[in-house]
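Go ahead and model the full structure; you've got the sequences and the hints to work with.
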Amino acid sequence: MRDYKIDFEDCLRRVQKPARYIGNEFGSVHKEKTDDMMSFAFCFPDVYEVGMSHLGMKILYHMLNERDDTVCERVFAPWDDMEKLMRERDIPLLSMESCAPVRNFDIVGFTLQYEMSYSNVVNMLDLAGIPLRTRERGDGDPFVCCGGPCTYHAEPLAELVDFFILGEGEEVNGEIMDEYKKWRGSGKNRDDFLMSLVALGGIYVPKFYDVEYNDDNTIKRFEPNRPGVPKQVRKRIILDLDKCYAPEKLIVPFMETVHDRIMLELFRGCIRGCRFCQAGYIYRPVRERSVDRLCGIADGCIKNTGYEEMSLSSLSTSDYRELQELIDRLLDMTVDKRINLSLPSLRVDNFSMELMEKVQKVKKSGLTFAPEAGTQRLRDVINKNVIESDLIRTSRIAFGGGYNRIKLYFMLGLPTETYDDVKGIADLAKKVIDEGFFSIPPEERKGRSVSITVSTSFFVPKPFTPFQWEPQNLISEMEDKARFLKENIRSKKIVYNWHNSDISLLEAVFAKGDRRLSEVLITAHELGCKFDGWSDFFDYEKWLEAFKINNIDPAFYANRRIPYDEILPWDYADIGVPKSYLIKEHKRAYEEKTTPDCREKCGGCGAASFGGGVCFE
Amino acid sequence: MSKIRLGFSKTGMAKYISHLDLLRCFTRSIMRAELPAVYSRGFNPHMKMTFSLPLSVGVTSSCECVDIEFEDGVSDSEIMKQLNKTLPPDIRIISVGDPNISANDVFGAEYRLTLLCGGADENALEAVKKFFALPEITIIKRTKKKGEREVNLMDFVLGVEAPKITDDGIEICLTLSAGGRKNLKPEIATESLIKYMTENTDVRVKGYNIHRTKILYDINDPKIFK
Chain H
1 MRDYKIDFED CLRRVQKPAR YIGNEFGSVH KEKTDDMMSF AFCFPDVYEV
51 GMSHLGMKIL YHMLNERDDT VCERVFAPWD DMEKLMRERD IPLLSMESCA
101 PVRNFDIVGF TLQYEMSYSN VVNMLDLAGI PLRTRERGDG DPFVCCGGPC
151 TYHAEPLAEL VDFFILGEGE EVNGEIMDEY KKWRGSGKNR DDFLMSLVAL
201 GGIYVPKFYD VEYNDDNTIK RFEPNRPGVP KQVRKRIILD LDKCYAPEKL
251 IVPFMETVHD RIMLELFRGC IRGCRFCQAG YIYRPVRERS VDRLCGIADG
301 CIKNTGYEEM SLSSLSTSDY RELQELIDRL LDMTVDKRIN LSLPSLRVDN
351 FSMELMEKVQ KVKKSGLTFA PEAGTQRLRD VINKNVIESD LIRTSRIAFG
401 GGYNRIKLYF MLGLPTETYD DVKGIADLAK KVIDEGFFSI PPEERKGRSV
451 SITVSTSFFV PKPFTPFQWE PQNLISEMED KARFLKENIR SKKIVYNWHN
501 SDISLLEAVF AKGDRRLSEV LITAHELGCK FDGWSDFFDY EKWLEAFKIN
551 NIDPAFYANR RIPYDEILPW DYADIGVPKS YLIKEHKRAY EEKTTPDCRE
601 KCGGCGAASF GGGVCFE
Chain D
618 MSKIRLGFSK TGMAKYISHL DLLRCFTRSI MRAELPAVYS RGFNPHMKMT
668 FSLPLSVGVT SSCECVDIEF EDGVSDSEIM KQLNKTLPPD IRIISVGDPN
718 ISANDVFGAE YRLTLLCGGA DENALEAVKK FFALPEITII KRTKKKGERE
768 VNLMDFVLGV EAPKITDDGI EICLTLSAGG RKNLKPEIAT ESLIKYMTEN
818 TDVRVKGYNI HRTKILYDIN DPKIFK
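Read top to bottom, the protein sequences are chains H and D.
Sequential numbering from 1 applies to the first sequence in our numbering.
Sequential numbering from 618 applies to the second sequence in our numbering.
These aren't lab readings, by the way, just hints derived from the structure by calculation.
One thing to keep in mind: the hints can contain errors.
Below, in silico cross-link-like pairs of lysine-lysine (BS3-like), each with a Cα-Cα straight-line distance of 27 Å or less [to be verified]:
no.: 1; chain 1: H; residue 1: K492; chain 2: H; residue 2: K423
no.: 2; chain 1: H; residue 1: K182; chain 2: H; residue 2: K31
no.: 3; chain 1: H; residue 1: K31; chain 2: D; residue 2: K702
no.: 4; chain 1: D; residue 1: K665; chain 2: H; residue 2: K337
no.: 5; chain 1: D; residue 1: K802; chain 2: H; residue 2: K5
no.: 6; chain 1: D; residue 1: K698; chain 2: H; residue 2: K337
no.: 7; chain 1: H; residue 1: K58; chain 2: D; residue 2: K702
no.: 8; chain 1: H; residue 1: K337; chain 2: D; residue 2: K620
no.: 9; chain 1: H; residue 1: K303; chain 2: D; residue 2: K698
no.: 10; chain 1: H; residue 1: K31; chain 2: D; residue 2: K698
no.: 11; chain 1: D; residue 1: K665; chain 2: D; residue 2: K799
no.: 12; chain 1: H; residue 1: K17; chain 2: D; residue 2: K762
no.: 13; chain 1: D; residue 1: K812; chain 2: H; residue 2: K5
no.: 14; chain 1: H; residue 1: K337; chain 2: H; residue 2: K58
no.: 15; chain 1: D; residue 1: K781; chain 2: H; residue 2: K5
no.: 16; chain 1: D; residue 1: K620; chain 2: H; residue 2: K303
no.: 17; chain 1: D; residue 1: K823; chain 2: H; residue 2: K17
no.: 18; chain 1: H; residue 1: K17; chain 2: D; residue 2: K758
no.: 19; chain 1: H; residue 1: K303; chain 2: D; residue 2: K702
no.: 20; chain 1: H; residue 1: K17; chain 2: D; residue 2: K802
no.: 21; chain 1: H; residue 1: K303; chain 2: D; residue 2: K665
no.: 22; chain 1: H; residue 1: K249; chain 2: D; residue 2: K698
no.: 23; chain 1: H; residue 1: K84; chain 2: D; residue 2: K812
no.: 24; chain 1: H; residue 1: K207; chain 2: H; residue 2: K188
no.: 25; chain 1: D; residue 1: K702; chain 2: H; residue 2: K249
no.: 26; chain 1: D; residue 1: K823; chain 2: H; residue 2: K5
no.: 27; chain 1: D; residue 1: K758; chain 2: D; residue 2: K812
no.: 28; chain 1: H; residue 1: K17; chain 2: D; residue 2: K812
no.: 29; chain 1: H; residue 1: K58; chain 2: H; residue 2: K17
no.: 30; chain 1: D; residue 1: K802; chain 2: D; residue 2: K831
no.: 31; chain 1: D; residue 1: K702; chain 2: H; residue 2: K337
no.: 32; chain 1: H; residue 1: K33; chain 2: D; residue 2: K702
no.: 33; chain 1: H; residue 1: K84; chain 2: D; residue 2: K823
no.: 34; chain 1: H; residue 1: K17; chain 2: D; residue 2: K763
no.: 35; chain 1: D; residue 1: K761; chain 2: H; residue 2: K17
So this is what it looks like as structure tokens:
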């Protein structure tokens, strides 16, 4: 077999940021693979510095490597310059640890964090020399699987992926390896292995389902095509996070990554139920780690990584019940060591000055709030329980405390939005300055002036949210709204940024699309689409061409209002929250009625059926 | 409080780590080792750490130096032992001592170049010798301050030993100007040599390795004979 190390190394001399490809970081696991062992290639469909920022990958990599019978190695998408050299020299996609061809691994697993990475999945399979379509794979080819949040609505990848892992991987990944061990050498065929996975629960095998369509392109029938395959696959979750594996020996990259710090996961799920937010539904129910367990993990991570920063990362960190105690104890562990503690995603309503003072003991960082919508009416529609007076009060405290920059995040194109709501964003930003800053007597102000950054992204209707039936605004509407907002922001103290509208459309298509999009993905790959999340690569024209070649209208997926009774491409997944609850929430949105959070009053969403978490607090 | 000088090697894939990444790597290794480093004062405190002579990306070395300040109470041998546990495998501490010579005194560095090629013979070695005997070779030097400019490579060559044939190809021991006053990156000299070899011999060089073997502080160093 050809040894690719020398050729690969020669490429490194000729690329930007060679440190992306070298591996051998402190904490990386290098195992000698013997014939009786199994191998798992953990692929992140983006470049190294993005992939290495992802906590899930770190957990599952170390967890699989704790098994004596399994080698897990990392694979990232090579940047364009590297890919070109690799293709020129016939070097296939290689794993980081042993420089082994990815196609020689037993199982090749991708983590799907966002829709705009799908073209990279296709490109990486191609670069690995693995047949792109499941039906083209046979004996000697690896099994291709996917995990991560997008697997709940992953039909656009159905033709390319052998199986999807729905939910949290800590338990089920080990069970998959056990099944593989039994299957390997048993003489049974590939489908037999996949059937053994179906029996585990939480595994969706797209080829075991047949889909028929109506003349209007909607789905007529979506049914299992063999006995023993359930109509719906229920996600697997970890109920007790304290007992669940959490790595304390993390890989510490040489180069700077996007999130270059210890990430402490306080809890999974979110009690809030914002109606646009998919994460708020698919991770239900909320399950917390105890302060003791968190401090134990933090202590291990501090000792084993040497990181100078720790962030508390969860969907809505300030909802952690014992946040005060946790922060006090973490500060005791970090201040002397000059480790900076950072708190992302602060909510306006329970933000306290005291907390802020504590956290900034080490280093003062900027403040970010996400009111998401400009008017109270629209905030009620989306169930974002932020009140204007709270935001103003909080900004006054922040400005008085010496902060001089606040970032505000909003969405444009939300259901029921009017131009008054759009203008509301400009008004709110101005009020934050006028009432938050200028109401402070000049002698008490710290710093002469302040600045507000307003960022908007375009609403993407996501499966498993009450807005899953909603159409997305047309690109022209989105751009009109952004322009209108820009015109209405007149203060020089406010900077306005907005996201690309073409990408938002594509995101909606692949979030809500069906398996007919698999061929579009392959065509787009052939046309050269990759790294769509990167503005320097994203090429909207190529995507339009790919849709055209396959005779598919993207507007069918993105801009059409779907009736409640239509079969949805993601109906195969059972996240624990039934459609009936989402319909109820959708109707409440139109009535402009908010729904209290899980701790205030149980809304009866169905997640209690898992038998744990916030539902039983 | 005392400043100590650590000698270390940077081999294998670690040669692709940039200077800034190396700094971060040392900081985190010291944190992991729980060694009492001294921090600078000011708004953004950082460990007091100075590298003698930055190494080009892609070059390995067995003679790197970094000066780090530690609080009193930890022995040199303890620092070496602990750091070798917490540094990544391709970076090893090989000596600990006092920084008796200032980093400003660096004026040269010795490199071992390996031109990777098959079938090198006496003629190839002659060509290498001829190359280094040329009075003038124009190269393009890029610096941030001065931009691109043409200079004579030979003004930077302080010494060269007779080339040898090895299993990998041709090995050359070369001493170049280095340091704050006058510096040449070894890969520029190497690429210029490869270009000459391609134009004047049948040898086809497939690639090269550069390894820094010594940093020179003493103008009377016996390595300098030119």
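Violations among the numbered hints, reported as their numbers in ascending order: none
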